[in-house]
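Engineer: Once you have looked at the hints, place chain B on chain A.
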Amino acid sequence: MISILNTYEAVEPEKVSLWFKAAPVEKFPENGGACVKYKDKQIAVFNFTREGTWYACQNLCPHKMEMVLSRGMIGEDQGEPKVACPLHKNSFSLKTGKHLNGDLNSIATYPVKIENDFVYIGFSE
Amino acid sequence: MKTVIVVGNGMVGYKFCEKFVSKVDQDSFKLIVFGEEPRVAYDRVHLSEYFENGDAERLSMAPREWYQENNIELYTNERVTDIHRNSKTITTLSDKTFNYDYLVLATGSSPFVPQINGVDKDGVFVYRTIEDLEDTLAYAEKIKQTVAKPKAAILGGGLLGLEAAKAVMDMGLEPHVIEFAPKLMPRQLDTRSSKVLQVKLESMGINIHLSKATNQILGNGHVIGMEFGEDDLLNVDMLVISAGIRPRDELGKSCGLKMGTRGGIVVDNKMRTSDPSIFAIGEIALYNQMIYGLVAPGYEMAGVAVDQILGNEETLMAAEIDMSTKLKLIGVDVASFGTPFMPAEKGHSIIFENKTESLYKRINVSHDGKKLLGGILVGDAKDYNMLLQMYLNEMPLPKNPENLILGSRGGEDVSFGSAMDLPDTAVVCSCEAVTKGQICCSVKDDGNESVKAISKATKATTGCGGCKPMVVDLVKETLKSLGKVVKESICEHFEYSRQELYDIVKLRKIEDYDSLLDGVGKGHGCEVCKPAVASIFASIYNETANRQATIQDTNDRYLANIQRNGTYSVVPRVAAGEITPKQLLAIGRIAQKYDLYTKITGGQRIDMFGAQLHELPLIWEELIAEGFETGQAYGKSLRTVKSCVGSTWCRYGMDESVTFAIDIENRYKGIRSPHKIKGGVSGCIRECAEARNKDFGFIAVEGGWNVYICGNGGANPQHAQLLVEKVDKVTATKYVDRFLMYYIQTAPPLTRTAAWLDKLEGGIDYVKDVVINDCLGIAEELDMEMQHLVDTYKCEWKEAVENPEIRARYTHFVNAEEADDTIEFVSLREQKMPKAWA
Chain A
1 MISILNTYEA VEPEKVSLWF KAAPVEKFPE NGGACVKYKD KQIAVFNFTR EGTWYACQNL
61 CPHKMEMVLS RGMIGEDQGE PKVACPLHKN SFSLKTGKHL NGDLNSIATY PVKIENDFVY
121 IGFSE
Chain B
1001 MKTVIVVGNG MVGYKFCEKF VSKVDQDSFK LIVFGEEPRV AYDRVHLSEY FENGDAERLS
1061 MAPREWYQEN NIELYTNERV TDIHRNSKTI TTLSDKTFNY DYLVLATGSS PFVPQINGVD
1121 KDGVFVYRTI EDLEDTLAYA EKIKQTVAKP KAAILGGGLL GLEAAKAVMD MGLEPHVIEF
1181 APKLMPRQLD TRSSKVLQVK LESMGINIHL SKATNQILGN GHVIGMEFGE DDLLNVDMLV
1241 ISAGIRPRDE LGKSCGLKMG TRGGIVVDNK MRTSDPSIFA IGEIALYNQM IYGLVAPGYE
1301 MAGVAVDQIL GNEETLMAAE IDMSTKLKLI GVDVASFGTP FMPAEKGHSI IFENKTESLY
1361 KRINVSHDGK KLLGGILVGD AKDYNMLLQM YLNEMPLPKN PENLILGSRG GEDVSFGSAM
1421 DLPDTAVVCS CEAVTKGQIC CSVKDDGNES VKAISKATKA TTGCGGCKPM VVDLVKETLK
1481 SLGKVVKESI CEHFEYSRQE LYDIVKLRKI EDYDSLLDGV GKGHGCEVCK PAVASIFASI
1541 YNETANRQAT IQDTNDRYLA NIQRNGTYSV VPRVAAGEIT PKQLLAIGRI AQKYDLYTKI
1601 TGGQRIDMFG AQLHELPLIW EELIAEGFET GQAYGKSLRT VKSCVGSTWC RYGMDESVTF
1661 AIDIENRYKG IRSPHKIKGG VSGCIRECAE ARNKDFGFIA VEGGWNVYIC GNGGANPQHA
1721 QLLVEKVDKV TATKYVDRFL MYYIQTAPPL TRTAAWLDKL EGGIDYVKDV VINDCLGIAE
1781 ELDMEMQHLV DTYKCEWKEA VENPEIRARY THFVNAEEAD DTIEFVSLRE QKMPKAWA
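Note that the protein sequences, when read in sequence, are chains A and B.
Just so you know, we're using the working numbering here: the first sequence kicks off at 1 and counts up by one.
Just so you know, we're using the working numbering here: the second sequence kicks off at 1001 and counts up by one.
Chain B with its partners taken away, still in its complex shape:
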């Protein structure tokens, strides 16, 4: 049996293990891995997510048990200190010795800390490991106690520096990015795109200082500022250095491997170092005189090393490595591919820039206009995958290449073909090197007919996930080409889409879940189909969540929002955010009585947190007595209709937005839908109610109301689109009635209106045709169905409080009167919060 030792348990080191165990016969090789960090390998690319959720485990590439299950000996917190090439052994910091037949070095890199006077002061950090982040966070918490508006500088305006700036901002510090070059992300962006990004980041509260060389770091013991030149100072309370990386190549140096003049261990295209038993992969490998700091080439190197060790000598590293990248930086898409900057003698550039929308798109085209050479996208990178494929596969350009970035503007020249037009050799998933051909074969020959099955079989989409939209298209199109209908069944229990189930329930007048499952489904249901069907019953019969409680999601089952410690929050309806002083006092009194944490929500109402299950009916009894109704904050249903103050008070108002918003919120309250719906009404085009990022929005203009639909905030913000202009309130309401009803009947489960519109063939023009021109002849039916829902509304909390049987559900134990004694709260700014998760 031969022994392979991997030094380094980072992303590339892990990938080596993964590929190795998938190919090797476990009796012929033993795999030993050393990691210097206390944790198992984690996803460093998404480090800033650790700040958002504090969940280090979620970042890990695989749990510790995975190594056990695959017979990998894993030593974390164990640094390898020496390599003895003559005896083929290594020793560790704790003086243990291990023999190897093959050694794989994957020690990665460390942050480069420039020799500036004062870098050793307290409050100077680097940005690389979870431990670095935790130290930075602890220091930030400390200075927030003593300094009023603490500032933090980030040295380095590259990719990692900007990620660090986001992290610092999330910690509650004012971020200042310091860059030596005259532009941000100097390696990926040209001057103009960099400026577009800069303007966008500045608008988000990140301060940018360009062309700054730091002379020294000021402070007595700890950082208080930075000095760039005479009289050019910046006061800061913390400094995060992100000025590039240096390979951790000291092991290679000390055992005499051939090194690059500026660091890195020299490897050939088999990833072999100057010692044939030793391989180097990832950020320590100097290949073609270059260090590659990206995940995809690192993974490719891992694959080559695995094959070379197993004797598959034909697997070699590609001669040219594609450095294309796409990432979401602080919510802004940034991508560059091929040759992003190109001198004029090589080709022409087509550039589109729109600073008001923070958009920049550039493609570089060969002189004869036939080939795509590279490009840059800022603000919108949804076409990146196709552009990259066109570049990598040297596909012919359309006649008007500007359509590639501007979209087709009429005429016959379409901008993109479908993903099926790619050659079979096109690499669709670059992290896992999966080609279009492999994906299509896996669908055709192995019967992997869903994205889930494909990603399990080929590993495509499991890296950065950027290729997912393409894989979805490929699976769909391949199935279509086989003559198979692409079934969008909601789960294993119903072979129907939500729309089909909706029609079945309506036509056969089915009234409960069990009859539907017995009639047209199979098995016993699950957490996917139950709430989806519950939503259909609610939309057709307007039944409340109380009747079939156990098919509801937990929030609907108990008519409240479950929070992190299993307690619930309570939100009464405050239509359009209009609330009387008397109602405010009532909410205050009740919240105080039950010791609830209160906060104003984003939807202009008041949320009361920390209620235990048995307290919910008591709280609601009192709220109802004060005239409140349920706010359905827990439901996939209408949440709120946000309003500005409108012409009643505002000197710019064109119409009474509050009155309209109250009417609309009361009209649609209680209506359940495939996902939550939110509305907005603004009294003028200044749009203080943000109606254009709602599922439906009305904006008062000279001569009536403009109606917008299918916008949302959330993870993928999308502006609502214009449905109709300058109509009166009655007409505006009628069109929104029809639009909502049509959406409720046709959308897949848990799909917001924006996502529904994206998938709808014909898009907004088709919705206009259905809603305004009645092209399907269903307008009258939609009107009646909506009116039925409006007319049959009842407050489900009133129902629950008044019905003893429903009310009896609100106890933690069925066999004891007591409350759950495991719930713990801690104090927070004169209120309370759940004790943090361990």
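Just chain A, same shape as in the assembly:
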């Protein structure tokens, strides 16, 4: 499973070389997430309606290596947008991927853009 973890690397907005057309906007619940498949990767995409922002990160929780983050609750900790893993409530910053309530490795985050009511995720490969 560690090898799976290594396939996820954060992508900076300026490094995007490919915008993957994931799914129409209405497929994503308001203030919630859903999982997108891109090749062999699973990406959790969050429609943070309250902020008016979209976020994407790996679906894999680095704690126990389960593909569950897209089902986590989103929210905010002192202004930092975050997702809480549904298994053990480890929460990660949606901006930086940093683990906010412990010392786990950071998760990989990806840029998101919306065009013509479609959600695109940015990759750099």
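Derived by calculation from the structure, the hints in this document are not laboratory data.
Wrong hints could be hidden among the right ones.
To be verified - Below, a list of computed lysine to any residue pairs in the SDA-like style, where the Cα atoms sit at most 20 angstroms apart:
#1 K39(A) - K1456(B)
#2 K1456(B) - Q78(A)
#3 K1835(B) - L87(A)
#4 K89(A) - N1220(B)
Structural biologist: Here is chain B on its own, set in the frame of chain A:
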């Protein structure tokens, strides 16, 4: 720059590092640490937890990165073999050499293995490190394959031996504790308390053999038994030795430090050895002719050594070290403090013993009745902290000191004052040596107004955690004394308690989370307030979890229980555990079709595990077609009402418990609450349905039903308390309606009824007053609100299956039809289970 080398990365060695880096200027000292074990320092005190969860990382004192972040050079798996005092260097097993200015020895101890004939046989283990545990576990697995009912002996009935017995029992072996002395825990307990503990442990399946001297260990190559005397044999398949510890003092011996006659490196009250550049702390240090095998004195020694090295020479080890201990041994509280055994010429003892409840309490009081000298508690140690403080601070005893262990039984003489009565110098957290004064100052002067802030600032509660209840009280009381209202806000987004939010939602008729947050909260919410508010909406409007899915905990959002590999389990309601053969066949057929692992739950129903997200609506469609409804096993809501078979079949039954339980379960099904609620109905006082460990329970007696409330199993088992006696079913139901509704409206989030009652001012008498005597004048309202919930019930899975929009949520990917291909199962006893976590 000076170099400090620490030899040993155990709990005390780690504590030295922690205290050192918090006080030192990093440019003036370099810290190098050597550990012989492959892992970084871990919490040995809670070793048996490793068996419960198999998670070694959770035991570690700090992750490896912590050492890096604090510029500590850490070498694990690296044993220091020699100290050269003349050149001030050490060498390691791999022949590396390091210079030191100060050397701190914290090598701890190793298990003492007595020279008994046969200790070298296969199947003989010690109990000390995670590696020891893993070896023991591997051997246990092996013998379980070949022996039908394998037995394991534990040599030593002390504290560690009993912990080892628990570990062995968890491995699935029959444990036999062998003790040389005529009682268990001979160093901490007197004969009577030891007997109380013994009876309790025996009732849990641990066999105890006292006054046994082992002559030899039998077996050809591997252990098959133990011989105590002629014709006194015990057949066992494994042996764990836990017969005490010996200091790992060989480094001190070989470099010529002054040693004790029976081992240990002699230190003074600065923790200095006979070489002023070398310190010894923890279980290798011989201080006052004693080796101290407890964490708290070890931590204190670490603190003294740090200060001495940094030149704060006034920090000295206390002349007398308090050996008081409190621990939970296999779920049983055991504590002793001060002088636990006391000869009659020094004072009098007050003893309370109740073997039926496995309780023993003893306090030793000076002849003039003014001072507490020590004591022993078995079975219930909740008063330990206060008793210990009274002893340590020589506080005056109340007029009737027996109230200290029996509780106040009327009259004016209260047993305990509040934690605020302690002197400022009282050490509240003994692991971290934090005083009451420091805690109160931190609240008053530094604005640390929560337990979380206090523990960050002072480190109190971060050791064994035993002082937490006291710290909670101190924070609360200090805030009160400042005239501040203690706000129990649920999180940073709402400055209200759950009860206040409940009233706001109800009075302002707010119907969704966003309006509530915009109206009375701030920010964008979090995983604490979202489900708490969802529960409030459910309690007021009886809306299902489907309407505002993204504010629900994951289990509620998908109406199923998430399991360790991200798959879900499915539990249909089987009210009171009554199920027809036809329904059993249906569940069997469906479970087989979707290849689900099935197990009978503790609540008398059937759980089907291993369903993937997209399979849930398919499975439920079939279950609903067979007449099943959701069991809400995923919700903070009514789970089950357990029943015995009652007077319909049982020859002792006083009334029809199954019928009543079915009615009650159907009455309360679907009702959401601050935490899960469970019920029980027993047909007679034999109590086969265990109604008294449920949130509400009914027991049939001559002349009606007795009603009990606020019990639970779980981490802190608590018996339910009697609400009313000998009433008919209608009255019993009415009172429970009111009690549940009152609990739902007033409890903090995630608080079971037992914990709620503990905090409720006035306790059970107050609940009786509200529910039976209607002292608040709200009974009618409670009745109506409960009836509303009962009348508006609907099965949320039926709703989900029939509504295409809700049903569409059940896919793993939004952009592909496929299932998650990372889920792996392995086989287990003709069924399947998730592949274990790495």
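Engineer: Now, for every hint given, state plainly whether the structure supports it.
Structural biologist: Hints and how they fare:
1. For the suggested pair K39(A) and K1456(B), the alpha carbons sit about 44 angstroms apart, so the restraint of at most 20 angstroms is broken.
2. At most 20 angstroms may separate the alpha-carbon atoms for a hinted pair to count; K1456(B) and Q78(A) meet this at roughly 18 angstroms.
3. Taking the CA atoms of K1835(B) and L87(A), the gap is near 16 angstroms; set against the 20 angstroms cutoff, the hint holds.
4. A threshold of 20 angstroms between alpha carbons decides the hint, and for K89(A) with N1220(B) the separation of about 52 angstroms lies outside it, so the pair is violated.
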